[in-house]
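**Q** Each chain, letter by letter, is given below.
Protein chains: 2
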Amino acid sequence: MNSAGRRYGRAYEILREAGLRPTRQRLGLARLLFENGDRHVTAEQLQAESTAADMRVSLATIYNTLNQFTQIGLLREVVVEPGRSYFDTNTADHHHFFHEETAKLQDIEGEAIVLGAVPEPPEGTSVERIDIIVRVKNAVN
Amino acid sequence: MNSAGRRYGRAYEILREAGLRPTRQRLGLARLLFENGDRHVTAEQLQAESTAADMRVSLATIYNTLNQFTQIGLLREVVVEPGRSYFDTNTADHHHFFHEETAKLQDIEGEAIVLGAVPEPPEGTSVERIDIIVRVKNAVN
DNA sequence: ACCTGTTTTAAAATCATTCTAAACTATTGA
DNA sequence: TCAATAGTTTAGAATGATTTTAAAACAGGT
Ligand SMILES: [Mn+2]
Ligand SMILES: [Mn+2]
Ligand SMILES: [Zn+2]
Ligand SMILES: [Zn+2]
Numbered sequence: 073m074n075s076a077g078r079r080y081g082r083a084y085e086i087l088r089e090a091g092l093r094p095t096r097q098r099l100g101l102a103r104l105l106f107e108n109g110d111r112h113v114t115a116e117q118l119q120a121e122s123t124a125a126d127m128r129v130s131l132a133t134i135y136n137t138l139n140q141f142t143q144i145g146l147l148r149e150v151v152v153e154p155g156r157s158y159f160d161t162n163t164a165d166h167h168h169f170f171h172e173e174t175a176k177l178q179d180i181e182g183e184a185i186v187l188g189a190v191p192e193p194p195e196g197t198s199v200e201r202i203d204i205i206v207r208v209k210n211a212v213n
Numbered sequence: 073m074n075s076a077g078r079r080y081g082r083a084y085e086i087l088r089e090a091g092l093r094p095t096r097q098r099l100g101l102a103r104l105l106f107e108n109g110d111r112h113v114t115a116e117q118l119q120a121e122s123t124a125a126d127m128r129v130s131l132a133t134i135y136n137t138l139n140q141f142t143q144i145g146l147l148r149e150v151v152v153e154p155g156r157s158y159f160d161t162n163t164a165d166h167h168h169f170f171h172e173e174t175a176k177l178q179d180i181e182g183e184a185i186v187l188g189a190v191p192e193p194p195e196g197t198s199v200e201r202i203d204i205i206v207r208v209k210n211a212v213n
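Protein chains in written order, with my numbering: chain A, 73 to 213; chain B, 73 to 213.
There's no promise every hint is true.
Remember, identical chains collapse to one label, so a pair may be satisfied in a single copy or spanning two.
What the hints assert, rightly or not - Calculated pairs, DMTMM-like style, for lysine to aspartate or glutamate (alpha carbon to alpha carbon, straight line, at most 25 Å): (1) K176 - D203; (2) K209 - E192; (3) K209 - E153; (4) K209 - E172; (5) K209 - E181; (6) K176 - E89; (7) K209 - E173.
Note that these hints are calculated values from the structure, not bench results.
Could you put the whole structure together from the sequences, leaning on the hints where they help?
**A** Shown next as structure tokens:
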């Protein structure tokens, strides 16, 4: 492992294994994404964080990277609002609260939500994935 | 009821009750939407149908109308793909299959899907709505 | 028929995302 | 070490869905 490898730790290995060149940009973004617990970010949010961390990364690269990471299973795309995509660092099977006021996603913990009856998919189709979004807003009270 | 009223039937009443002027465009769109059973349409699909029915309606009006109908509870917006919104004429509580290959929505019938455990919403929030999307693709077989 | 506020519309604007093609860089193997 | 090569990044243009603008058309009431 070279100096970049030592400096960037786990991210370096992940990229090598995926056959993606460990570039400065990808390493930096991987670090922001994966060294801070479970996260749900939009492309713009991630760019803001990069900037805050003194990394200059173009939006095009942010999108490329988010899409590549999604493709190789490091991220998962979540659609809750027309026009904006969220990328989720938690790739385990789970569902979400969506806070309509703040436009933030939050994981629903394991057992808190359970599908009683899973529907039979239509003739000739198979279930790819099930997404449950619980939309919440600030209680009126 | 005037001649428009007679010609457009139920749609006319719906609009009057909602306080929206029963214009030619709104009546025509209401007819396409509500006189053909449960439907899931995008703005562009609806415009194509209008054209096929020899009604010239601008896309801006299609959007205005879909949004107004959604606002007054005649439609419900369903988000399944980034970048495109579907409008659902079935406003009852229900969930969806989404066919990834054809980009079509299909209602899941009443009892076919059941939430075993409904999660407690986070402190200070209340549940606005729960959306379940079962994404299916053509079975490999 | 006329007035007035509403609606429709073409066209421009917006916003997220993708594409293009040129500059840059990581990797490899002399 | 270095050049060659393929992969990557980027600014800027393009795209596509949706919204906005402002002007023309229209509906409902008089
Ligand atoms: Mn994508
Ligand atoms: Mn809307
Ligand atoms: Zn999540
Ligand atoms: Zn439906």
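**Q** Take the hints in turn and mark each one as holding or not.
**A** Tested hints:
When the C-alpha separation of K176 and D203 is checked against a cutoff of 25 Å, the pair qualifies both within a copy, at 16 Å, and between copies, at 16 Å. Within a single copy, K209 and E192 get their C-alpha atoms only as close as 32 Å, which misses the 25 Å cut-off; across copies the closest is 13 Å, which meets it. For a Cα distance limit of 25 Å, the shortest separation of K209 from E153 qualifies both inside one copy, at 15 Å, and across copies, at 22 Å. For the identical chains of this complex, K209 and E172 are intra-copy neighbours only, at 6 Å inside a copy versus 29 Å across copies, given an alpha-carbon limit of 25 Å.
Taking the closest pair of Cα atoms, K209 and E181 come within 25 Å of each other only inside a single copy of the chain (19 Å); across copies the shortest separation is 27 Å, beyond that limit. Taking identical chains as interchangeable, the C-alpha atoms of K176 and E89 are never at most 25 Å apart, the minima being 31 Å within one chain and 36 Å between chains. Taking identical chains as interchangeable, the C-alpha atoms of K209 and E173 lie at most 25 Å apart only when both belong to the same chain, with a minimum of 6 Å there against 33 Å between chains.
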